[in-house]
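Put together the whole structure using the sequences plus the hints.
Read off the chains here:
2 protein chains.
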Amino acid sequence: MSVLFAEICGGITSPKGFVAGSAFCGIKKGNKKKHDMALIYSREVSTVAAATFTTNKVKAAPVRVSVEHMRTPRVRAIVVNSGNANACTGLSGIEHAKRMAVATGEALGLKERQVLVCSTGRIGVEMPIKKMERTIKKLPKALQSDGSLKAAKAIMTSDTFAKEVAVELVIDDKTVRIGGIAKGAGMIDPNMATMLCFITTDAAIGKKELQHALSIAVEQSFNRITVDGDMSTNDTVIALANGLAGNKPLKASQANSHIFQNALNYVTLQLARMIVEDGEGVTKFVEVHVQGAATYNDARKAAEAVAKSTLVKCAWFGCDPNWGRIMDALGYCSIKLREEMVDIFYDGVIAVKNGMASKTPFSKLQDVVAKEKFTITIDMHLGSSEYIVYTTDLSTRYVELNMGE
Amino acid sequence: MSVLFAEICGGITSPKGFVAGSAFCGIKKGNKKKHDMALIYSREVSTVAAATFTTNKVKAAPVRVSVEHMRTPRVRAIVVNSGNANACTGLSGIEHAKRMAVATGEALGLKERQVLVCSTGRIGVEMPIKKMERTIKKLPKALQSDGSLKAAKAIMTSDTFAKEVAVELVIDDKTVRIGGIAKGAGMIDPNMATMLCFITTDAAIGKKELQHALSIAVEQSFNRITVDGDMSTNDTVIALANGLAGNKPLKASQANSHIFQNALNYVTLQLARMIVEDGEGVTKFVEVHVQGAATYNDARKAAEAVAKSTLVKCAWFGCDPNWGRIMDALGYCSIKLREEMVDIFYDGVIAVKNGMASKTPFSKLQDVVAKEKFTITIDMHLGSSEYIVYTTDLSTRYVELNMGE
Chain A
1 MSVLFAEICG GITSPKGFVA GSAFCGIKKG NKKKHDMALI YSREVSTVAA ATFTTNKVKA
61 APVRVSVEHM RTPRVRAIVV NSGNANACTG LSGIEHAKRM AVATGEALGL KERQVLVCST
121 GRIGVEMPIK KMERTIKKLP KALQSDGSLK AAKAIMTSDT FAKEVAVELV IDDKTVRIGG
181 IAKGAGMIDP NMATMLCFIT TDAAIGKKEL QHALSIAVEQ SFNRITVDGD MSTNDTVIAL
241 ANGLAGNKPL KASQANSHIF QNALNYVTLQ LARMIVEDGE GVTKFVEVHV QGAATYNDAR
301 KAAEAVAKST LVKCAWFGCD PNWGRIMDAL GYCSIKLREE MVDIFYDGVI AVKNGMASKT
361 PFSKLQDVVA KEKFTITIDM HLGSSEYIVY TTDLSTRYVE LNMGE
Chain B
1 MSVLFAEICG GITSPKGFVA GSAFCGIKKG NKKKHDMALI YSREVSTVAA ATFTTNKVKA
61 APVRVSVEHM RTPRVRAIVV NSGNANACTG LSGIEHAKRM AVATGEALGL KERQVLVCST
121 GRIGVEMPIK KMERTIKKLP KALQSDGSLK AAKAIMTSDT FAKEVAVELV IDDKTVRIGG
181 IAKGAGMIDP NMATMLCFIT TDAAIGKKEL QHALSIAVEQ SFNRITVDGD MSTNDTVIAL
241 ANGLAGNKPL KASQANSHIF QNALNYVTLQ LARMIVEDGE GVTKFVEVHV QGAATYNDAR
301 KAAEAVAKST LVKCAWFGCD PNWGRIMDAL GYCSIKLREE MVDIFYDGVI AVKNGMASKT
361 PFSKLQDVVA KEKFTITIDM HLGSSEYIVY TTDLSTRYVE LNMGE
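Quick mapping for you: the protein sequence lines, in order, are chains A and B.
Going by our numbering, the first sequence opens with residue 1, and the numbers climb by one from there.
Going by our numbering, the second sequence opens with residue 1, and the numbers climb by one from there.
What the hints contain is simulated information worked out from the structure, not anything from laboratory work.
Mixed in with the good hints there might be a few duds.
Chain copies aren't distinguished; within one or between two, either way the pair holds.
What the hints assert, rightly or not - No more than 30 Å apart at the CA atoms, straight line, and that leaves these computed lysine-lysine pairs for DSBU-like:
#, residue 1, residue 2
1, 248, 359
2, 34, 353
3, 336, 98
4, 359, 32
5, 207, 373
6, 59, 301
Okay, structure coming up:
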């Protein structure tokens with residue numbers, strides 16, 4: 001298939017009409033300089049919004065408030081803070097998340113319900129809300145038409161690099177852009193972290209159509225990454241579409257809709273891959289590709305079991321092509337399996353043939369696992385279902401980073 | 001309830017009529033001295049046998065062979081090797097496991113089917129079967145009436161201490177003994193390890209009654225421990241009962257049967273705890289006690305999610321009383337949960353009250369987590385179901401030990 005979009009610079013401020021900015025508040029003690037609040041805003045018109053939130057039953061207050069605000073037909077801004085997750089904070093947490101939306105609304109001349117709220121950082125700590133309200137007042141002045149990188153930096157916690165991507169495509173002879181920023185699953189800071197992702201587009205698209213497209217994109221990207229298997233209380237992906245590109249509104253099942261979907265998939269997958277690559281203490285980026293599974297669900301369970309196995313991940317860290325641990329994980333993940341049918345490949349080199357050691361020299365497998373990126377392909381030979389998970393090794397550095405303050 | 005049994009010395013050779021011994025074979029390259037084969041034998045009479053095997057679908061050859069041999073009404077010996085798991089070895093693996101039983105039978109004058117076979121060590125490597133057959137011929141001469149510790153040592157892989165326990169109880173005025181040895185879930189050696197446990201008793205008990213009692217004991221002990229969440233291809237628990245104590249055969253629902261069950265539970269729980277304490281790189285032994293859950297299944301899922309969370313375990317290693325990670329794990333484990341009802345205690349000290357930080361000073365919680373053993377109690381306040389899991393921290397040393405050869 002020909003590529004129908006091109007990657008461009010500019011992140012979330014590349015689509016028409018979106019501005020972003022950041023400011024220093026000092027939410028987390030000891031944070032002397034780093035900007036820790038960000039604002040994303042559609043300056044000219046309101047937007048339709050789509051979102052996916054954590055399925056964790058312990059949901060942070062901003063998640064609960066944003067879920068409510070998503071009922072609004074058109075929103076216009078997202079306010080975000082790092083340094084405090086506002087999770088396990090009870091009724092006062094809900095009040096503080098609302099006050100963030102109220103303060104942002106006042107600063108921009110919007111209703112509270114037109115503002116979505118996100119937080120990332122410590123769990124179980126009360127927000128310094130008054131200080132934050134003062135910072136929010138200053139945020140509109142910080143908004144810039146090239147402010148994407150500043151917002152991407154302000155939402156970072158233990159991330160080591162800012163995560164931005166943008167693409168351009170043509171729909172109805174109109175230039176349409178999609179931009180995104182994200183922060184990763186770093187959890188050292190110090191209680192819990194969060195995957196946050198904000199996507200903007202100037203495409204004209206209905207709320208339902210945007211939600212449908214976002215759900216597909218998230219399923220194929222953020223839902224397929226794992227660093228340590230712990231799901232956060234705050235995970236949020238929000239997409240805003242303001243329609244300024246001037247295309248005819250996208251409808252499902254049109255060719256244009258497929259082009260938009262592909263471009264959106266690319267944006268989310270790139271950001272998801274960056275999150276994995278920037279995982280704490282990560283030294284390897286590994287694609288686990290299961291094929292030939294009896295069912296889609298079996299393919300998913302098998303790929304996730306291998307990608308999350310502590311022992312498999314430790315072996316990768318040690319550059320050890322330890323396929324016995326992969327066979328073991330396949331055996332305990334409750335899927336249809338015939339041991340004597342399983343083949344396993346390391347970057348295409350066969351390691352396991354019919355469930356037993358292949359004749360490939362051990363050193364050849366070691367060469368693959370010594371690389372920073374490689375793919376493990378597992379063929380179950382039981383059907384035609386497949387699934388991919390993007391994962392990492394488990395390093396001593398990961399443990400050190402997660403030992404606490 | 002009064003204690004109706006007493007702990008004694010002697011392990012698996014303390015019950016009447018059982019002997020054990022070990023020998024050096026050199027199954028694993030580089031192993032110059034350590035005994036790596038063991039034999040357990042009921043010298044005077046045959047025994048009924050009960051067993052539980054790994055539920056991993058990738059089953060080692062000795063597991064498949066022992067499952068078959070368990071159909072025999074009465075068996076008499078267990079032959080075990082360390083250094084090679086005989087897993088993922090195809091048809092020749094099955095043949096080799098059978099040859100171990102045949103050779104043992106010939107050496108002791110038994111039928112092949114009266115011998116159970118166990119292996120632990122590397123996955124995917126062919127057994128040096130001829131060398132092993134030669135060693136098996138010598139094993140009967142090594143049998144001793146106090147050979148339990150030798151057998152316990154011969155089955156060790158990365159274990160740092162031998163695991164033995166025995167108890168004595170009185171049934172029908174007869175002295176009944178139960179002894180056990182086990183090896184732990186060390187997985188560095190180098191592909192995969194195994195939990196193996198062998199229990200002997202001179203109690204008179206039927207095969208079905210012994211299986212029933214063993215299943216209950218395993219469910220409350222070995223099924224409740226976790227070091228890294230990876231289930232092995234070789235896990236095996238076998239109990240042999242030869243009836244030499246002379247009690248009337250135990251029947252279910254008799255008082256004597258309960259006394260025997262309690263003693264057996266104690267033996268398996270002690271061995272299970274030793275396995276956890278000897279887990280690779282372990283610095284903490286943690287009991288996770290969930291109570292007040294809506295259902296038994298919810299209590300189990302909650303306890304297992306907390307006990308297996310990479311982030312929770314890293315925090316314990318760092319002596320960080322990070323209850324946010326526990327709340328997070330409770331949130332993602334698919335149980336009935338009301339965040340605002342959850343209380344969490346560290347050795348009885350309240351850390352979380354109604355889903356939020358308690359007023360307990362942080363330093364007091366730090367004092368608990370600094371200990372080598374502590375208990376996390378989680379009260380869901382939704383019902384009356386409870387569950388306990390015995391687990392460990394996750395240390396940098398664990399990762400180092402599991403990086404490969």
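**Study point:** Violating hint indices (sorted, rising)
**Key:** 1, 2 and 5
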